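Novice: Single-letter residue listing:
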Amino acid sequence: MEPLPATARSLRRNTGDAALNSSNEPGPTTSADDALWSAIGDPTRRRLLDLLLADNGGTATSLGRQLPVTRQAVAKHLGVLDRTGLVRSSSAGRERRYQVDEVQLARAVAQLSAVRSAWETRLQRIRRIAETIQQTSDSDLLRHDQSD
Amino acid sequence: MDDAEPGTIERELYIEAAPEIVFDVVSKPEHLKEWWPDDAKYEPTPGSTGEIVFGDPTTDGAAVAFTVVESVAPQTFSFRWTHPSGEVAAEGNSLLVTFELTPRDGGTLLRMTETGFRQMGWEIAVLEQQYQEHIQGWNHFLPRLAPYVATLETRR
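Chains S and U, in that order, are what the protein sequence lines are.
Counting along the first sequence from 1, when you hit position 123 you're at 123 in my numbering, and nothing is skipped either side.
If you want my numbering, it's the position in the second sequence, counting the first as 1, plus 1000.
Derived by calculation from the structure, the hints in this document are not laboratory data.
Because the structure is a prediction, the values reported are computed rather than measured.
Backbone N, C-alpha and C fix where the C-beta goes; we use that ideal spot for every residue, glycine too.
Careful, some of the hints might be misleading.
Claimed, not checked - Pairwise CB distance ranges, derived in the manner of DEER restraints:
| # | chain 1 | residue 1 | chain 2 | residue 2 | range |
| --- | --- | --- | --- | --- | --- |
| 1 | U | Asp1039 | S | Ala73 | 17 to 27 Å |
| 2 | U | Thr1098 | S | Asp82 | 45 to 55 Å |
| 3 | S | Thr121 | U | Val1088 | 24 to 34 Å |
| 4 | S | Arg143 | U | Glu1012 | 43 to 53 Å |
| 5 | U | Asp1039 | S | Arg94 | 55 to 65 Å |
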């Protein structure tokens, strides 16, 4: 499991004005963060998580005020995040209040790094197989040369 | 861990074998199933569609669609996988894996990229399932790796 605190810290690092600018992705993040956000799939949802972590939760209205999208769009994105389990909601008057589920967030990070490490393992196997074949054909050639 | 763009897994490694050999290993079904799935059924030609099999599909394993996109020996081999069977592989319904081979110092620099995670909009449940399938594939495969390498070595 990736340690969650690093992820949460890097998110918080990017909660300045840049994160609220609709024309730019949030500032520098680690590639692990990037992969996680890609799996989540959408820059608006990424900013929502960012804001939720920074403000320790929020509603569609409070989040909508900080983003260049409508409250309805925010509510829809929150619904997507809710279904993936990345946020949890609770009743807060007439609205729902959302918070990041840090355990799920940590799991998502860990799973993405698992996909990466699976490829790492496959590539090492590719290397071993190819090098074994190369050595085999080299020694065949050598034996052939010696028998001449 | 320095991937070029979001939604891409990118790896590079040096192999002490000629590009022709590495190309065979990454593209031919008989080799593919020695480093990844338990079985691989496809023709290694562009447009060919088949499947790769993890575990026993009749019990808890899975057959996954596999379509060859590009095959230029010994430079490039790419394929799409994980599209729903019966659907044509395209951006948005599958992951694209590309192997690029460059001759280097008598060996081969192999670069692998896997893209499509963003386009597929993968959510956590799917990722987890995929991860479990990967683990299962490796569990089936690992015990067979050593004997396979041994057979290659005894041919020396």
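Novice: Could you run down the list of hints and mark each one as holding or not?
Specialist: Results for each hint:
| no. | hint | verdict |
| --- | --- | --- |
| 1 | U/Asp1039 with S/Ala73: 17 to 27 Å | violated, 45 Å |
| 2 | U/Thr1098 with S/Asp82: 45 to 55 Å | violated, 35 Å |
| 3 | S/Thr121 with U/Val1088: 24 to 34 Å | holds, 30 Å |
| 4 | S/Arg143 with U/Glu1012: 43 to 53 Å | violated, 34 Å |
| 5 | U/Asp1039 with S/Arg94: 55 to 65 Å | holds, 56 Å |
Violated hints, listed in ascending order, are 1, 2 and 4; each of the other numbered hints is respected by the structure.
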